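Peer 1: The primary structure of each chain is shown beneath.
Number of protein chains: 2
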Amino acid sequence: MQKKGNKYGTHRVIEPQGLLTQAAKKIDNTMECYSNEILCDVSALNIDSASFTQIYEACGKDLGKTEQMILDIVNERGKMQNPVTGSGGMFIGTVREIGEDLAGKIDLKVGDKIASLVSLSLTPLKINKIKAIHPEIDRVDVDAQAILFESGLYAKLPDDMSEELALAALDVAGAPAQTAKLVKPGDSVLILGGAGKGGMMCCYEAMKRVGPTGNVVALVICQEDADLLKSMNLCHHAIVGSATNPVEVLEKSLAVNGGKEYDVSILIVNVPACEMAAILPVHDNGTVYFFSMATDFAKAALGAEGCGKDVTMIVGNGYTKDHAEITLSELRENPQLKAYFEKKYL
Amino acid sequence: MQKKGNKYGTHRVIEPQGLLTQAAKKIDNTMECYSNEILCDVSALNIDSASFTQIYEACGKDLGKTEQMILDIVNERGKMQNPVTGSGGMFIGTVREIGEDLAGKIDLKVGDKIASLVSLSLTPLKINKIKAIHPEIDRVDVDAQAILFESGLYAKLPDDMSEELALAALDVAGAPAQTAKLVKPGDSVLILGGAGKGGMMCCYEAMKRVGPTGNVVALVICQEDADLLKSMNLCHHAIVGSATNPVEVLEKSLAVNGGKEYDVSILIVNVPACEMAAILPVHDNGTVYFFSMATDFAKAALGAEGCGKDVTMIVGNGYTKDHAEITLSELRENPQLKAYFEKKYL
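From first to last, the protein sequence lines stand for chains A and B. In terms of UniProt numbering, the first sequence has 79 at position 79, counting the first letter as 1, and numbering is strictly consecutive. In terms of UniProt numbering, the second sequence has 106 at position 106, counting the first letter as 1, and numbering is strictly consecutive.
Watch out, some of these pointers could steer you wrong.
Any copy, or any two copies together, can satisfy a pair, since identical chains are not distinguished.
Cut-off 27 Å, straight-line C-alpha distance, at most; resulting in silico cross-link-like pairs (DSS-like, lysine-lysine) [to be verified]:
1) K184 / K343
2) K184 / K321
3) K260 / K7
4) K321 / K260
5) K299 / K181
6) K321 / K181
7) K105 / K230
8) K299 / K197
9) K321 / K230
10) K129 / K113
11) K26 / K299
12) K299 / K126
13) K7 / K299
14) K3 / K252
15) K65 / K156
16) K25 / K252
17) K129 / K109
18) K260 / K181
19) K260 / K4
20) K126 / K113
21) K252 / K26
22) K131 / K105
23) K105 / K260
24) K197 / K7
25) K343 / K65
These are calculated hints, taken from the structure and not from any lab test. Quick caveat, the model's predicted, so the values are computed rather than measured.
Next up, chain A with everything else stripped away, as it sits in the complex (with noise of 0.2 Å):
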């Protein structure tokens, strides 16, 4: 019988104790699995942007270098976490082993091929060996296994579609499905940064969501973005301004929206300094989402206070019930957002 180990994969901290698995220095990758984990076989690591970058450069492009340094970093703490950046990745692998707990209670099965949408930072992982480095897309082809939680999140990668638009999409899952909770029939909806990646989603699902009587505005850097979302109908209205000017983004925001504040606003530039910019639109009462990991915690509660505004603000959360399915289905749904996407990400 298999032991049972801690949801949250506690029971594999090494050092320090007490903490968790992503802020811990070094954790356990024995490649046995626990009676609620599950064991993969990984093929491919996508390191993160900032994180590649960073040891790559620190070992002058040379790839041997690079090689090394990964496989010494993953050695020493159990987990790909580069200790500079602190951030991982996610790996691409197929499942070899279901915990007994685990098995038949969840949408898995041996053999199925799946992305992790946890971070490598707290994913216990063993390289046996790197067959190739990539560093145009900061991606590693490794033979190597690794282990996700009982509270790991993976996405099972799709037939209808190819594997790098599956990533390129599941990279910013979290957005279009908290767009998808969060916008109700008629709101108004003001969505700063809607020509990226998680913006267009974010357009698409609100647009989705509003009906007839709603009012999707999106706020973009030029007036080529604002052109291309209004011709991929992705919005009501589209708005050039920075969201680093707060008073220019609230005059331009409310002429659309016939004067009215708005309901909610999604900030998802990642630019500092937004935070006014998403919070001065939005009525009393109303909602502003978060989404941009440059947003200033004290920034947007003292922000909110200075001008008197009692609106509900959200820290955008990556993880959601089926982020990665609702995702997905906005590109089945849309072939012009598909078609957009392939161009643009792959």
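Take the given structure of chain A and dock chain B to it, following the hints.
Peer 2: The following block gives chain B in isolation, referenced to the frame of chain A:
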């Protein structure tokens, strides 16, 4: 007829244009009231603690030099915003003039004594004279004037408690009012940092809201605080531990909630790296309220995803409707809490 200004005060920004008054380097402190402004005679500045400490120490704890530095900052910027810390504070004063667009429409009349609840870092201020500096309480007695914008927040100082007590409570006014909005009958609520000023008020409010079938649990740092909270009937259970140790908090908190995950957690410990301790004990679709200004946005966002937690994470907003009145009412309702605050914080 008076000119009308912008609701958020942008008409007073001198440079750089396009920003709000908090982010601006210099604002117009001409003490003439626009039609949607309130002009106040200011008797005292409660300087933000971080700001006062920085100025006082930079002046070698010399009161004359401290006075001059404060005057220089306000003359230069048009507001009392410390250029090093970026922070402000609040003022106490008396209403001198209410702009004609606001007169009769707000709950203030000329002569009312108020405290500002928006930061001095965004408030037009002109100091005629500094009368005294009280370094032990970061307070500066002044002959000055200030402007509140239409969006500006304030509280009328009550007749039935001392000014000092009211200010001590108003300092954390957002927290109990948000708790009142968030907590529902029957909820289980975990309050991390229950024994601080804001923590006690959140505990009291949560106890009121959950009713007989709820469970309010406070995490505190030592047994004395646990005994204190229990003796004041501010929680059902108090557990002792550090919010920087998520595994310990998870285990201890579930143990006093029948093994079940919580509906709501409220983080009000002003120490970094407490995000996971607030996230882990909450069930999917539950709510995590971050009131600590030490909260790191990325740690919260990536941490929830890393452990597959589908929780709603909210950025603590220092303002919500009626927040000052809710906070002062708590002290009126609970004489024991009022007596404790008078002993501890005055």
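Peer 1: Checked against the structure, which of the hints given earlier come out wrong?
Peer 2: 1, 7, 9, 15, 22, 24 and 25
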